[in-house]
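Protein chains: 2
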Amino acid sequence: MDALHFDGTLRFDRSYPAPPLVPGEALIRPHLAGICNTDIEITRGYMSFRGVLGHEFVGTVVACEDGAWVGRRVVGEINAACLRCATCTRGDYTHCPNRTTLGIDRRDGCMAELFSLPVACLHPVPDAVPDAAAVFVEPLAAALEILEQCHVRPTDRVAVVGDGKLGAMIVQVLRLPGCAVTLVGRHPERWSLYQRQGVRCLHAEELDEQFDVVVDCTGQPAGLATARRLVRPRGRLVLKSTFHAPSELNLSLLVVDEVTLVGSRCGPFGPALRLLERGLVETAPLISATYPLREALEAFEAARGRLKVLLRIAA
Amino acid sequence: MDALHFDGTLRFDRSYPAPPLVPGEALIRPHLAGICNTDIEITRGYMSFRGVLGHEFVGTVVACEDGAWVGRRVVGEINAACLRCATCTRGDYTHCPNRTTLGIDRRDGCMAELFSLPVACLHPVPDAVPDAAAVFVEPLAAALEILEQCHVRPTDRVAVVGDGKLGAMIVQVLRLPGCAVTLVGRHPERWSLYQRQGVRCLHAEELDEQFDVVVDCTGQPAGLATARRLVRPRGRLVLKSTFHAPSELNLSLLVVDEVTLVGSRCGPFGPALRLLERGLVETAPLISATYPLREALEAFEAARGRLKVLLRIAA
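Chains as they are written, first to last, in this note's numbering: chain A, 9 to 323; chain B, 9 to 323.
I should point out that these hints are in silico values taken from the structure, not numbers from a laboratory.
It is possible that part of the hints are untrue.
Unchecked claim - Covered, in the sense of this in silico footprint (three residues per stretch, anywhere, with C-beta under 8 Å from a C-beta of chain B), are these stretches of chain A:
no.	region
1	94-103
2	242-249
3	281-291
This structure is a prediction, so every number in the text was calculated from the model and none was measured.
Every residue gets a Cβ at the ideal spot worked out from N, C-alpha and C, and that includes glycine.
Chain A on its own, in the form it takes in the complex:
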């Protein structure tokens, strides 16, 4: 089958072996897949991953022991957990020590004509949510994880540092509780969407105030430093970036200022689907381009420094 895989080099392969049907899992034919910064990081060595890339998708189940799934349009959580260990049974299954992760850690991803995922990971997509929106569920869930972890109050002053792919989700989610939201970015050409949504958009140099809640989603040490500077004493700094490079924070100053740092990763799919169904988050303006799977290498090139680039895999 056609697949985009990474073995130290990123390769489009027309004869990658198709996955077998495994008990408890479903075979899925993806319609669309999204290119995420994590995918780009993987091609630079992150997680030492080898295999088919991709973890953002919407597709159709084409085979499954449980026939009720076959033919359903689905999105899927990316962590395939054991659901039996102490971590899973206390509800922290996205942290299962036995997990594999779709297209990131020991599990072939969705940038192929077929891939496999446990049924426990799947979520049916409501008819009202088109493919081009559903493919954003995974990063939107990651943005919602902030609200899952932190009590963000309607009166909080919130800053989101980073106007990239993930920032686009986070800024839209954090405006929903009614907070005053400031987006700190470097791409004014992207800001009209957020400004229309009531978000103030600025360059970092234009700011000399501090915020109750600051989110860093820049993926850059310099962005983290900006985010830290913007947190008030006793405020919260949410980290959504994973870095290659070790990043330094002055921990003594975190103590003196009693700042709380919140590491934040994958989030809840059900609420993300509800936000899309309710039209509370816009995705169409975020799509920069859509490429067929066979042009995936060009798509990856195009995805650097752009908003969302999609791969069209099946109709």
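Fit chain B to the given chain A structure using the hints.
Structure of chain B alone, referenced to chain A:
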């Protein structure tokens, strides 16, 4: 007057100028002062402080505009805030950007025959709390700050890394909500008090489990590394140490494990006095030695690597 001061060198001085009576402040004659690790850090350059050392005390008000304070036995909060700025008026007065801090930042401390502190910082000491217990209110309040910032549940598994001066307060406070508490330390000769209180005491090498809440109060990069290793995914790591040296934490792993880091500093005095009055925290076994103020240099030498060393200043 007699005073212990630091001008790049630690000096005991018999003719240090006595402080004037300032409007809104009280002149206090300390009975006892405690030597804290922060004092020792200051003699190594921390905060670039110059002046009289000391911020842990119990004493008697000897002069004040408001005569009702004169003759009262008091302890005192160490941050002298403006109480007018936006930070103060939202209740974060220990973070007032205009604050001075007793014996730490631009305000002479309590290791002298007389010192001055705003009336707003003072707390009368109940008769049931003897001087030798009241002198622990400041570090006990710092330990209680953890409960002020974090919801520590009775079912949480808690580890305290560091069996020094501050650890002695923290481990006793964190056992109060009923949590299972493990003290991770290097001084088994200090552990009998905590073991009698139902706390498990271990060396770091003996542990291969993880905890819901971990507190680092070692003041050492190696202690922080141990503490980080002991936090479960989605757990909380409370930082009570201020370091000279930059300390490194792998921030990507904080994101992947969704760990929350909580910087924690000064805490509430009222609840700390109540704990002492109720006999819920033991202090007598923590006193290693008591020196007269004129032997303060010897006391500082003795305080390194010991539990609490006190200075007796007035009867």
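Evaluation of the provided hints:
1. 94-103: With 3 residues close enough to chain B, the hint holds.
2. 242-249: Our answer is that it holds, as 4 residues pass the Cβ test (under 8 Å) against chain B, meeting three.
3. 281-291: violated (count 0)
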